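2 protein chains.
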Amino acid sequence: MILNPQFNNEVQHLGPASIRNSKFRIPFWGMDMNGGFGEKDREAVYRVIRERRDVRRFKSGPVPEAVLGRILTAAMQAPSVGYSQPWNFILVKDLEVRRKVHAAFQRANEEAKGLFAGERGEKYAALKLEGILESALNICVTCDRNRFGPLVLGRTAQPDMDLFSTVCAVQNLWLAARCEGVGVGWVSIIKPGELAALMGLPQGVVPIAYLCVGYTDSFAPEPELKTAGWLPQVPFSDLVYVDQWGRKE
Amino acid sequence: MILNPQFNNEVQHLGPASIRNSKFRIPFWGMDMNGGFGEKDREAVYRVIRERRDVRRFKSGPVPEAVLGRILTAAMQAPSVGYSQPWNFILVKDLEVRRKVHAAFQRANEEAKGLFAGERGEKYAALKLEGILESALNICVTCDRNRFGPLVLGRTAQPDMDLFSTVCAVQNLWLAARCEGVGVGWVSIIKPGELAALMGLPQGVVPIAYLCVGYTDSFAPEPELKTAGWLPQVPFSDLVYVDQWGRKE
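Heads up: the sequence lines are chains A and B, in that order. The numbers in the first sequence follow the numbering used here, run straight up by one, and end at 281. The numbers in the second sequence follow the numbering used here, run straight up by one, and end at 281.
So that you can see chain A by itself, here it is in the shape it has in the complex:
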């Protein structure tokens, strides 16, 4: 039973809490469970997922090369359709370039403000939505739509799979950064065409994410837009169906 990962869920709940929670528990049987992940490992994975935040407030100071290297390596370990690895990572350090990106954000954000009326518009205007200039660096994550040629395994029926692969890389990057204490914020209020021009992207390469990256004084306990009362959390049970859309178990 101990060697069979699918029963681990039961094994976990054997024994009194004092033993289950003991630091000796993991070395004794936890290391071979669940595809090699012990209870503490799982806790770390769930915690990084739970405590990842969209960060818009940054401290001064650089992110060390070694940390950045680990974060980018994690991004490149994302799944990619047909193993096409369509991503690139442009590390935007130059302040002149960032000022131009910031101006593109401001233009798109002014347009957006006009769309939200009344109290909603006031709330929108009060939100801090980016940290382009004050973060340690920005990272533009792109997708090369012709990497390894036009024919890609797994893209024949769903041609946007390369975009989705690149998003998986962004999420890996985000989680890796969080466990390093590095904040990441995704700025989506920039017109993709303007961003592509500012980054000098060739034909066939599209920007997927523009990220602000750097150390931060704190990771908010909850998503900021939830705390600000912008939208409520959708309950778990409203999001899960069985066999067909709309069917509850």
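Read the hints as simulated data drawn from the structure, not as lab findings. A few of these clues could be false.
Computed footprint of chain A on chain B; a stretch qualifies when at least three of its residues, placed anywhere within it, have a C-beta under 8 Å from a C-beta of chain A [to be verified]: (1) 112-118; (2) 181-194; (3) 265-273.
Pair by pair, the computed Cβ-Cβ distance ranges are [to be verified]: (4) 235/B to 250/A: 33 to 43 Å; (5) 166/B to 93/A: 49 to 59 Å; (6) 94/B to 178/A: 35 to 45 Å; (7) 150/A to 178/B: 14 to 24 Å; (8) 126/B to 132/A: 52 to 62 Å; (9) 268/A to 153/B: 40 to 50 Å; (10) 250/A to 105/B: 17 to 27 Å; (11) 278/A to 148/B: 35 to 45 Å; (12) 268/A to 159/B: 34 to 44 Å; (13) 151/A to 160/B: 49 to 59 Å.
Note that this is a predicted model, so its numbers are computed, not measured. Heads up, the beta-carbon is just placed ideally off N, CA and C, and yes, glycines get one too.
For chain A, the structure is supplied; the task is to place chain B on it using the hints.
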């Protein structure tokens, strides 16, 4: 220095390996570093990212409700544009439904086979690309393009951000499953329109991912398409630019 996360990279390398690797190291100073993530925690996060695989071979036996609940909760903790949480998760257990999805896969896969010529086509035909019928369950992850109405903060300049948010949820689900020892494989060789019809999706809701989920005998040491020689790994240095596309540091 110990209290300042941005110096942890240096702190990590102080002291002989016997002390650094000791189990006493983490409780002593590791817990307050890097936004609360100690060295062991970071290792677990990087390991789950590195060891996640696209799984197509499954063992029989169900995934316990508690495990599935944790995996889905992790998915729902993904970032979403404007906190719109546009995702739903259809747990496809019924074998009749899965047979229809499998038939849709087979149709799309026959079309795909015709596109890869010669030796490439033979290699393609020999690959196992899905585990729809033999996995414990399938999960169709969808994106509601009108959740909370048509106007969403952060989607005004980039309307596909809701699709990307849903992909972030898929990647969270995938990583959470990996640390539970549960394999996940993304089947993208199905026409989205056919999948939407089979899942009964209403207007405005689109399928993003169709996942096979279940326990597996092993997680491959490397991506299967890399091992099979389908495509090579792209070197890190080819994927990273500075300030502009194509510029190396």
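**Q.** Those earlier numbered hints the structure runs against, lowest number first
**A.** Those not satisfied: there are none.
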